[in-house]
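Visitor: The chain contents come next:
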Amino acid sequence: MAKVAAELKYSAEHEWIAADGDGPAVVGVSAVAAEALGDIVYVDLPEVGSTVTAGETCGEIESTKSVSDLYSPVTGEVTEVNDGVVSDPAVINSDPYGAGWLFKVTVTEEGPLLSAQEYAEANGGEL
Amino acid sequence: MTEKYTALYEEHKKLGASFTDFGGWQMPLKYSSELAEHHAVRNAAGLFDLSHMGEVWVTGPAAGAFLDYALVGKLSAIADGKAKYSLICNADGGIIDDLIVYRFSDEKYLVVPNAGNAPTVAAALAERAADFDVTVEDASAATSLIAVQGPKAEAILLTLTDEAQHALVTDLKYYAFNELTIAGHDVILARTGYTGEDGFELFIPNAEAADLWAKVAEAGEEFGIIPCGLASRDSLRLEAGMPLYGNELSLERSPFDAGLGPVVALKSKEGDFVGRSALEASKEAGSKRKLVGLKGLGRRAGRGGYPVLKDGNVVGEVTSGQPSPTLGYPVAMAYVDVEHAELGTALDIDLRGKAEPFEVIALPFYKRQK
Chain U
1 MAKVAAELKY SAEHEWIAAD GDGPAVVGVS AVAAEALGDI VYVDLPEVGS TVTAGETCGE
61 IESTKSVSDL YSPVTGEVTE VNDGVVSDPA VINSDPYGAG WLFKVTVTEE GPLLSAQEYA
121 EANGGEL
Chain X
128 MTEKYTALYE EHKKLGASFT DFGGWQMPLK YSSELAEHHA VRNAAGLFDL SHMGEVWVTG
188 PAAGAFLDYA LVGKLSAIAD GKAKYSLICN ADGGIIDDLI VYRFSDEKYL VVPNAGNAPT
248 VAAALAERAA DFDVTVEDAS AATSLIAVQG PKAEAILLTL TDEAQHALVT DLKYYAFNEL
308 TIAGHDVILA RTGYTGEDGF ELFIPNAEAA DLWAKVAEAG EEFGIIPCGL ASRDSLRLEA
368 GMPLYGNELS LERSPFDAGL GPVVALKSKE GDFVGRSALE ASKEAGSKRK LVGLKGLGRR
428 AGRGGYPVLK DGNVVGEVTS GQPSPTLGYP VAMAYVDVEH AELGTALDID LRGKAEPFEV
488 IALPFYKRQK
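These protein sequences, in sequence, are chains U and X. Here the first sequence is numbered in the working numbering, starting from 1 and rising by one per residue. Here the second sequence is numbered in the working numbering, starting from 128 and rising by one per residue.
Any given hint could turn out to be false.
Per label pair, the in silico range of CB-to-CB distance [to be verified]:
#1 X/D338 with U/G23: 55 to 61 Å
#2 U/G55 with X/A489: 42 to 48 Å
#3 X/T129 with U/E109: 44 to 50 Å
#4 X/G388 with U/D88: 41 to 47 Å
#5 X/E137 with U/E121: 35 to 41 Å
Where chain X lies over chain U, by a calculated footprint (3+ residues, C-beta under 8 Å) [what the hints assert, rightly or not]:
#6 64-70
#7 74-84
Since the hints were derived computationally from the structure, they do not count as laboratory data. Backbone N, C-alpha and C fix where the C-beta goes; we use that ideal spot for every residue, glycine too.
Here chain X stands alone, though its shape is the one from the complex:
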C-alpha cells in the first residue's frame, strides 16, 4: 500500500511531529509528549488533524430511504443540521465500520467513516445504492477535517468568527452542525468529537486546510491550545469509553456485544436493511461476551489482545487498555463472558504471565463536568 499524506503533513513536520501509520495514512502520533497533549484537551484545548477520516456525500431524492437501508440506524428521521452515530453492517450482521451521518436536508447527507475503512464504506454504499435514486460521492481525498477539542474550543473559534455569526457557534448543540465562516474560510462546523470533551470538528477543502490550521493554532495560543496526535486521541477516547474500529468493533462482533444495541433500529425501521435478519437473530440469541470497562487496582495496564482471567481461567480479552492520564489508574475495555460482566466483578488481566487485578466498572471511565 502506498502511504497517504494529509494536506497538513508539512505543517506536522514543521511542528516536529513523530508519525505513525494509521489505516495507510502517515499521521502525527504526537508532537511533544502524548500526556501533555492529553491534559491540554482535558484542561484547555487540542488541535487535531483528522483528514484521514472519510467523507462520503449521499445526495438525491431517496437519500434518507437509502441510508435507512444501507445503515443500521434510522437516518431519515434525523433533523436537518443534526448528526447521528451509526453503523454499517454486512448481511451477516458484522460491523464494517462505525460512522457519523450529518443531515443537511432530506436530499443531502454526509457520511463520515474511519480512515482505513473509507474506501470499503464508499464502495459498499455505492453498491447498495443500485436500486435507489441517489448519488454516492466519495470526497475523502479532497476534504480535510480539523478538530478543536477541549473546554476552550468554543472561545478559540469565537475569536476567528464574525460577531454576526457567533450564535452559529455558541448555540450549536452536541451532535449538530452549521455552515459558517471561520478565519475567512467557509467550513462545516460540527459540535462532535472523540475525546469526551466539548469540541468541534471542521470540514474544509484541502487547499484551505493549512491556513485554517495555522490560524486556529495562533488564535488558540493564549488559551493553551497545542497540536495533538493520535496517541492522545486514543487515550482520550478510551477514557470517554468510545469504541475504536479494529479494537472494540470488527466484522466478527455484533453491535449487541459491543453495547451498541440502541444504534440498531430494529423497532423503529419497518423496512428491510442490510444485516437486518442476522441482527434480529443475534439479538434474540443474546451475547456470549459483552464489552465492559475494567479498572486496574495496581499500576500495570492491560493492552489489546491480553487475556482476561477469572480464577486463572480465560474469560475474555482486552481490546484497548492503558494507564488513564486523567484518572491516574489503568483502564481497559474488554470483551468478557456475560457471567463475569457484572459491575464490581473482580477479574485479572494476564500481563505477560503475571495476573494483575482489575474490576469491572461502568463506561465511560471519564465524564466531563457540564
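Okay, chain U solo, but in the shape it has when bound:
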C-alpha cells in the first residue's frame, strides 16, 4: 500500500504540502497518486514568479497511461520549481515526498487541507 508521509498535509486532489517555518512551502504529489498514475514520464510545472491558486490547475502530470491535471493546494507565488523532476519525472514515482517535490510557493492562503491521517483514510494509503 502506498505510503502517506505523516508530517505533511494533503489536498483532496492528492498534492502534499510541507509548510514549516517561515520559508516557502514545498508542494508535491502523494505516493498514492503517483502509484495510481503509473510510471510518470512528463511534468508541466508552473513558472517561477507566477501565481497559483488553491484548488485550480497549475500544471500537468503525464504517465505512460494517462494525463492528469496538477492542482495547487495553496494560493501564492511560485518561487522555485524542481528542474530535477522535469528532466527525470520517474523520481516522482521513486521518491514522491523527497527528491520528487514539484515546486515551492510563498503561501498567501491555504486551500482546504487534510491531515495525513485523514488523507490516508480517504484514499487507502498507509501512514
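Given chain U's structure and the hints, the job is docking chain X onto it.
Guide: Chain X alone, transformed into the frame defined by chain U:
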C-alpha cells in the same frame, strides 16, 4: 455487469497486482512498474494472464466452409497446426472483432476472440452456423490462456518440457501450434503473441492454470521473467503496430481503413460470406481516412480521442498513443484523412489545447531483430 475473475485471480493478488476492468473482467493492470514489465518482455521475458480472451470451438464436417462464410478470411485453406489472424464483420462490413483461428484438422478449429467481444462472437458464430453441419461451443469460461513473451520465452519453456518433446517447441514456427506436455500439463502451445517479441501462448483448463503459472514463473526466474499486466501489454502491442479492438477497430471502421485489406479474402474466396457485398463496395469506394503511425517530435504523447491537426484544422483522431518505452519518443496510431496520410507528413496532435508536432511514419514502430 457482474465482474468476472480469471482462474489466476488469487495468484495476481498474491503478487500485489493492481487491477483494472477490461471487458467486464478484473485483470492485472501491473504488478510493479509497467515500464519495468515492458522492458522485461523486450529484453528477457514476461508472463501474462490472458484468460479473459475467448475460446470458441468449431467442429464438424463443414467447419472450414462455415468459417469461410462466417469470417472474412479463407480459413479452410490454413494448414493443420497453423493459425491465422482474421476478422468477423457484420453484414454492413463493420468489424465485430478481430480474432485468431487455429486449425487442428479440417473438422476442428479454435477461434480466439477478444475478452469483451467473446460472448458476441460466440453468439454470432452460433447464429451463422444454422445452415452448416458444425457445432459451435463456447469454452471461454473453462479455458485459461497464459502467455510467455520475450526473447527468453523458448528457453524457459524448454526447462519445463521433456527432451523428447523439445522439438515441438523449438521447431514451432510463428503462428503455428502443437499439443504437448509442459510442466506436467497437457497444453496447446502456440507461437503467437501481441507484443512484437518471440513468444508463446498456452491454452490450459482452468483447474490447471495456477500450477502452470507458478511453474513458469519459477523456471523463468533465472531468465528474468516477471509477471506483466495489461498496461505493458498495451504499450508493447502499440510499439508493434498491432490494432486493439475498441481503439483502432470498431463496427464503424472498415478493414480497409485499418490497413487490414489483405485479411479480407475477396479474391480467393468464391462463395458469399457475411459482409462480402458491403466490403466489396467499401473497397471500391476507397477510404476517406486511414490508420497511420505518428512519431512525436517533442516529449508529449497523444492519447486516444485527441484530434490530429494540419495547419490548425482537424484532419484525424488518435486511437492509441503513449510514450514508447523502447524507442524513447511518443508514438500514436491515428485515423487521418488520406491526403495527409503519406509517410513524412508533418501533423500536430491537439494535446488539451496545445499543438504538439508529430510526423507520419511507417508501422510498426518497433520490429525485433531476428
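Visitor: Let me make sure I understand: some of the numbered hints might not hold for this structure. Which ones are they, in numerical order?
Guide: 5 and 7
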